[in-house]
Structure formats: C-alpha cells, structure tokens
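Visitor: Sequence:
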Amino acid sequence: MKQKFILIFLYFCSLEFAFGLELYINGGKENNKNFAVLNIIHDKPFLCQETLNRNSEVESILCKFDQKLASRVSSSNTLFFVIEPELQKKGFYLRITPKKKIKLFNTAFNINTPYPIPLETNIESKRWQIVGYEDTLPFLEDKPSEGLNFPITFNDIIGYPSIGVLDIRMSPISDNTGSADKDSFLKIQSLIANKSYQEALIAIDEMSSLFPNTIFKRDILYLKIIALDGLASEENYEDIITLAKTWQNAYPTDIHISEILYIIAKTYAKMDFFEEASYYYRRLFDEYKGDQFELLARLDYGKNLYLRGERKLVLNLYQSVLNETQNLDIASLASIALGEYYRETDKEEAQKYLQSVLEANPTFFEKDVPTYYNMLKQWTEKGIYTVPAQIAELLFLSLDEDYPEYRDILKDVAIWYDKSENLPKAHHYYQLLLQNPTDDKEEEEIKELDDILLLKLDEDDVEKRLKHYDYVLKNYEGKEEAKKALEKKIETLFQEKHYEEIFALRNELEENNPLLLGAVAALVKDSLSEDNCKSAAYYGNLYAEKIPLEESEKFDLLQCLYQNQQYIPAQKIAQEALQKITKAENKEKWLYYLGWVEYQLQNYPKAALASRDALNLLSKEEYNDIAWVLFMALNHEKRKEEAFNLLPILEEKLKDNEKMIEIYRIALLNALEKKDDTAIKIYAQKIIDLQNKYQHYEYSPWVELSLVETLNREAKFQESLQLLLSAQTHISKPQEKIQIYYLQGYLNHKLNKIPEAIQAYTECEAVDIQSPWKNLCIDAKKLLESETTEQNNE
Numbered sequence: 001m002k003q004k005f006i007l008i009f010l011y012f013c014s015l016e017f018a019f020g021l022e023l024y025i026n027g028g029k030e031n032n033k034n035f036a037v038l039n040i041i042h043d044k045p046f047l048c049q050e051t052l053n054r055n056s057e058v059e060s061i062l063c064k065f066d067q068k069l070a071s072r073v074s075s076s077n078t079l080f081f082v083i084e085p086e087l088q089k090k091g092f093y094l095r096i097t098p099k100k101k102i103k104l105f106n107t108a109f110n111i112n113t114p115y116p117i118p119l120e121t122n123i124e125s126k127r128w129q130i131v132g133y134e135d136t137l138p139f140l141e142d143k144p145s146e147g148l149n150f151p152i153t154f155n156d157i158i159g160y161p162s163i164g165v166l167d168i169r170m171s172p173i174s175d176n177t178g179s180a181d182k183d184s185f186l187k188i189q190s191l192i193a194n195k196s197y198q199e200a201l202i203a204i205d206e207m208s209s210l211f212p213n214t215i216f217k218r219d220i221l222y223l224k225i226i227a228l229d230g231l232a233s234e235e236n237y238e239d240i241i242t243l244a245k246t247w248q249n250a251y252p253t254d255i256h257i258s259e260i261l262y263i264i265a266k267t268y269a270k271m272d273f274f275e276e277a278s279y280y281y282r283r284l285f286d287e288y289k290g291d292q293f294e295l296l297a298r299l300d301y302g303k304n305l306y307l308r309g310e311r312k313l314v315l316n317l318y319q320s321v322l323n324e325t326q327n328l329d330i331a332s333l334a335s336i337a338l339g340e341y342y343r344e345t346d347k348e349e350a351q352k353y354l355q356s357v358l359e360a361n362p363t364f365f366e367k368d369v370p371t372y373y374n375m376l377k378q379w380t381e382k383g384i385y386t387v388p389a390q391i392a393e394l395l396f397l398s399l400d401e402d403y404p405e406y407r408d409i410l411k412d413v414a415i416w417y418d419k420s421e422n423l424p425k426a427h428h429y430y431q432l433l434l435q436n437p438t439d440d441k442e443e444e445e446i447k448e449l450d451d452i453l454l455l456k457l458d459e460d461d462v463e464k465r466l467k468h469y470d471y472v473l474k475n476y477e478g479k480e481e482a483k484k485a486l487e488k489k490i491e492t493l494f495q496e497k498h499y500e501e502i503f504a505l506r507n508e509l510e511e512n513n514p515l516l517l518g519a520v521a522a523l524v525k526d527s528l529s530e531d532n533c534k535s536a537a538y539y540g541n542l543y544a545e546k547i548p549l550e551e552s553e554k555f556d557l558l559q560c561l562y563q564n565q566q567y568i569p570a571q572k573i574a575q576e577a578l579q580k581i582t583k584a585e586n587k588e589k590w591l592y593y594l595g596w597v598e599y600q601l602q603n604y605p606k607a608a609l610a611s612r613d614a615l616n617l618l619s620k621e622e623y624n625d626i627a628w629v630l631f632m633a634l635n636h637e638k639r640k641e642e643a644f645n646l647l648p649i650l651e652e653k654l655k656d657n658e659k660m661i662e663i664y665r666i667a668l669l670n671a672l673e674k675k676d677d678t679a680i681k682i683y684a685q686k687i688i689d690l691q692n693k694y695q696h697y698e699y700s701p702w703v704e705l706s707l708v709e710t711l712n713r714e715a716k717f718q719e720s721l722q723l724l725l726s727a728q729t730h731i732s733k734p735q736e737k738i739q740i741y742y743l744q745g746y747l748n749h750k751l752n753k754i755p756e757a758i759q760a761y762t763e764c765e766a767v768d769i770q771s772p773w774k775n776l777c778i779d780a781k782k783l784l785e786s787e788t789t790e791q792n793n794e
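Numbering-wise (UniProt numbering), the sequence shown opens with residue 1 and increments by one.
To be clear, the hints were calculated from the coordinates, so they are not data collected in a lab. Quick caveat: nothing in here was measured; it's all calculated off a predicted structure. Every residue, glycine too, gets a C-beta built ideally from N, C-alpha and C. Do not take every clue at face value.
Distance ranges between label pairs, derived from CB positions [stated by the list, open to error]:
id, residue 1, residue 2, range
1, Q770, K29, 22 to 28 Å
2, E500, S398, 29 to 35 Å
3, K44, N77, 24 to 30 Å
4, E652, N692, 18 to 24 Å
5, E500, A360, 22 to 28 Å
6, Q770, Q67, 43 to 49 Å
7, T246, K44, 41 to 47 Å
8, K675, D66, 56 to 62 Å
9, N792, E84, 21 to 27 Å
10, T345, K245, 35 to 41 Å
11, I202, E500, 40 to 46 Å
12, K187, A232, 21 to 27 Å
13, K29, N712, 43 to 49 Å
14, S278, E238, 14 to 20 Å
Kindly generate the complete structure, drawing on both the sequences and the hints.
Guide: Here it is, written out as structure tokens:
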C-alpha cells in the first residue's frame, strides 16, 4: 500500500522545477506490527544525519538542503513521523522526529550497475529512506556487521548470478521434470485423503526411487509423515520423529509446519518422552497461537497432563479451545475432552458436553466408529446412558450389516436406551434384535428384556402413559390407533398443563383444535403476566385472532406483536377487533395500531385510512404520533398537498418530538425543489434545532449546507460561517469535513478574514483523502497566499 503525499514545496512552478523535492510514505505490517517507510528524494545529493539519545535510540533525523523554499511550508504529522521544515539563511532543514522508533537508510545505490555490492562512502545521497516501526525493525536485524565491505564485479561474459525460474514455493524448477511425477504425486494425495496410509507409503517409496529430483519432494516427504502418523503404529514412532524433525528443519516456513510440530509433539508424548513433547507443544503455543494444530496441541497436551495427574491446567486448556475455535470438528473434540474430564465427578455436566456435539455435529462420531464406540462403553460403565445411547444409535444407523461390530452396537443401543428409560426406543431395538437372533440363548435374553420393558408401560402413571402414547404413535403411524393415541396424549398434556408440549405438537394437529388454541391462550397469558412480550409474540404469531382471549388480553398481544415486528398477525387481530366494536370511542386504540401496522407493511393507502380515522377520534396524547403516520403515508402516495396541510396539526401535536425531524426533512426537500428561500430557512433551522436537541445528526451536513447556500444568496456570510463552525463539531466523514473547511475558507475570504481563510484551507488540505473539494482548497489557498504576498510587497 502506498500512501503518497507531496508537500507544498514539491516542484514549485516559479523555479521551473529547479528545486524538486518529493516525499512519500509506504506502509505495511510485519508480524502484525505496523511500520512505515518515509522516502525523501531530491534531484541533487543532500545530507541526512541521525541524532541519538542516551539509550542509543534515534532521537531525530535532520536533512539539509542548500536551496531556499519558494513559499511557506507547514509541518506534517503521521502515525510514525513528525515532519517539520526549518528555514535557514542559505537553505532549509527538514527535521523528522519519531513518534515511536525510526531508522535512517541511504538508498542511492543502483543494483543494476556492474557493482551489485557497492562501497558506501558518500555521506550525501539523492535518496534516503526513514523506517518508522513499533518495537523491532521490520524484515531487518539492527545489528552491526563484522564482515568486510568490498565491491564485487561481474563482467559481461560471466554475467550476474542466477537461479533460473522458481516454482510456486519460490524454489528452482528442474528442467528435467515431466508430468509423470505429477501423476504419482496426485495418486499419493488421493491415497492419503482416503486414509489408505500403507498404500500411500508404498507409492511414496516408488515415486522417490523413480523421481529423486522431483519438484514435489517436499510434499511427498510431508505426506509420508502424515501416512506414518495415520497408521498410529508404535513401531513407526522413531521414524516419524526423525523424518518430521528433518522436514521442519529443512522447510521451517512451510504452511504445514504447525501440523508437523503437532505430530512431533504428540508422537513424543506417545513415547512417554513428555519433556521433549512439552518443548514442541510450547513452540506451537508461542509461535502459532490460534492455528488449528495449535488448538489440537492444546487438547493433546491437556490429555497427557490429565493422564500424568497434573490436572490444574487441563480444564482451562480444553475450555480455551472450545471458546476460541471456529472449526466444528475441533470444537467437537474439545467438548468430548471436557465431557471426559467431568465424567468421573459430574455426570450431568459431562453429558451436556457430549450432547452439544451430538446436536451441533452428529456425524462427527461416524468418522472413527471403533474409537468412539469404545469411548461410549467406558461412559456406560460409569452409569451414564442417555447421551451414549443416542450416539450409539447414530453409529448403528450409519453402518452396514457386514460391519464386524454391527450386532454388538445394536444390542448396546437397545440396552442403553432401556437403562436410560427411553422405553419406546429400547422396545424398537429389542424387536430388531429378535428379528434375527444369533442363537436361542440370545433370543431368550432379549425377549425377557423386552417383556419387562412392556410391563413398565402398563403402570398407572401419567409419564408412563404419555410414553406409551408416543410408542403407539410411532409404531402405528397413519392408523386409527395413532390418531386416538394423539388425542389421548393432548388431553393428558392439557390436564397436566403441559402447554409447551402441546404447542410443540401443533403441526400434527388441526389448526382450529380447541385444546391447541386453549394451550396457546394459556401460554400467551402466562407470557403477558410475566411482561415477556417476546414470548407472547412468539406464541401469538401463528394463531393471532383465533386465540380465545379477552379484549384487553388481545390488545396487549397486539402491542407485543407490533413491538416484535410481527405485523401480519397484529393486522389480523386489529381488523378482527374493529369488526366487533360498535362504539366509535372504543376504536381509537385499535385504529392507532392498525395505522402503524399498515404503514410498517407499506400498505400506504390503508395506513392513510386507518390513521385518518384514528386522528379524527384522537383523545389521548400517547396516540398523537398517528398524525405522523398519516403525513408519511400521504407523502408515499405522492399526495403532497394533503400531507403538507397536516403541518399545523403535526406542529401542534408533536411540537419538538424527534419524529418531526423527518417531517421537516420532507418539507425542506419540497422547499429546495421550489427554490423557496424563506421555507428553506424555516425548515432547515427546525431540523438543526431538533438535531441539536436529540444529539442525532443524521441529516448533517446536508441541512446546514442547504441553509448556507440560501444565506449566501442573501450575502449573510457571517451567519453562514457561524453555521458551518457549529456543524463542524459533529461531522466525522473526511469528504464532508473537506467541504465544510472549503466553505469556511470561502466565507472567511468573503468577510476579508484572510488568516482565518488560509487556516480553513490548510485544515481542508490536511484531510488525508483525495477529493475535488480538496483540490479547490489547495488552489484557493495558493491564490490567497499569492494575493497576500503581492499586497505585502506593495
């Protein structure tokens, strides 16, 4: 990124470019640290020198020029530098003071000469660079050189050193490389992706033999490490360590380096070399913070600490990964690790973490069925069944019947559901087992378990009864038995006041089911009594006017629906209520909300009708803003004359209400269109006053500029200037600031306040963006300074 600025003393036309000085700044980041480079270029050599403080840090840099400036120059202030010109008798100085740290470099050398390594003897140069930085010098080490500085020449026969064409990794490409090694490499990649690690290792050895100089050498070595790690064989540990260390030493800046460090760390941990493992874990933590393999390393490090009995840091490590990662699989691993951590001490907390993986990433467990099936068995050994049963069911449903442990998982699913008292599920999977028993003994065992389970369903207990209804619903879907079970279930739930559960079953019931509507009414009433408007709107949204509520309750629901932007059901409730009300005075509040609802739905003709009726009935101050709705609806319908006829009513009812800002904005636009200066001044000032009152300046500086233009036509320059100075305090956008500064300069000039005009133009020029207004500022300032100089000379 190049932020280029040319100071005012660049290329003065009066000298016919005899004195050309250019300054520009390049900026960037290195290791997430900002830095900037100030380039100073002149057509004649000049001297720049550093001044150091007691700590040997650069205190300032002074650049000396023999020629005088042709005009006054102001200082410049940037993120890293303060640049100040100092006038002298025979020339001028440029003093650069650091805001943080700076370093001076002579950049006059031409690398295209026959002397690529020049001898630095000249203290003057046509080009200097000053690097501004925060803590450490970017890309360079600020250390004294102990070597010799001597020139090396290359003649035309030898030429310059060259390494030829580079590949995408910035390494030389061999001219002998064909396409066969590419095919081999792609095959290896495919094998790794399919986790065919043994085949991949064979293919890697073959490729290494056939293509010893392949450009994919780095990649196949990396893939070999991945394959060895994927085999998870103890006999490969030493090979992994040796190869991975060699690879990371050879390619320390490769994009896969964090993964290789992670493999080294966890392999050392598996070998019980925990001190060595800790070194690589720490490297990941320090150098690759937030990288996915650093997050995995935290989990692995925590697991090893846990196994070693050092558990103080484990919980924080696991929790930090869960909080920081954006990767769903890593989050799943962290949740499982947290579940394992709590499994011994807090079973409910442990299951919460396992449940979170089940809900957010259910297919995660299918990626390694043997590992997670064994883990689930460990959980059930601790008496934890509910979530393990659900996960085991997912695993079972993902497997083919020829999977080695297919039947074992099926049996565990049934037993675990039984022990977690999910009787319908248990019954279902017991039945699956009984369809094809392996022997008579197993059949007898499963039949006994299923019979006991069914006996439990006969108990005279509401919860058991409900579970039985669910069982019938699932197993007799589409039949009369299922229909009766649903009716019984809804009746039981209503008797027990389980209204939430009835609401959850709404899609399985007729829309006008009286028990469903009764449950919704109860939920709405409870929400209203608790002042929980959001909840009331949630329940009332679907059934609106059908809900059996008292008139006052329906009005409260209408208000909640409106507050939560549920305009369609709010519209239905208001319309239904108005049809039933006979007395006009009782319609006011309903018409008020109907007007607002229709306006929000952009039904402007209907909004105008409802709001006009409400305005005619208006008796309560709280409904005064219905006049605003009527005005806006008419304006949207292009019925401007009718709308503007409402202005006296609006100013009476709303007076200094914030909503009047929008009314006056529309009035001002109309005045601008008609070029009515009187109206412009009236409405612009009203907007300005209201914006100041509420400290909301959404229409600034447009409104101020509109008023200034009118005042200028009347030659009220002082009034215009005062208005701009006031507007300046709440203008933040650079483009707007530039325009304000320019007009301030123009008005000051008109008022013959020359210093103030120059100051305004200077402030305009200092805004760091490009703009036609800024160009006007620069030109106006030059012209004004030139006129001032001529007057002074006279």
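Visitor: For each hint, tell me whether it holds in the structure or not.
Guide: Here is how each hint holds up against the structure:
1. Q770 - K29: 22 to 28 Å: About 23 Å separates the Cβ atoms of Q770 and K29, which means 22 to 28 Å holds.
2. E500 - S398: 29 to 35 Å: holds, 32 Å
3. K44 - N77: 24 to 30 Å: Because 27 Å falls inside the window, the suggested range holds.
4. E652 - N692: 18 to 24 Å: holds, 22 Å
5. E500 - A360: 22 to 28 Å: holds, 23 Å
6. Q770 - Q67: 43 to 49 Å: violated, 29 Å
7. T246 - K44: 41 to 47 Å: violated, 55 Å
8. K675 - D66: 56 to 62 Å: About 59 Å separates the Cβ atoms of K675 and D66, which means 56 to 62 Å holds.
9. N792 - E84: 21 to 27 Å: Given about 24 Å between the Cβ atoms, the range holds.
10. T345 - K245: 35 to 41 Å: holds, 39 Å
11. I202 - E500: 40 to 46 Å: violated, 60 Å
12. K187 - A232: 21 to 27 Å: holds, 23 Å
13. K29 - N712: 43 to 49 Å: The hint (43 to 49 Å, Cβ to Cβ) holds, given that K29 and N712 are roughly 46 Å apart.
14. S278 - E238: 14 to 20 Å: holds, 19 Å
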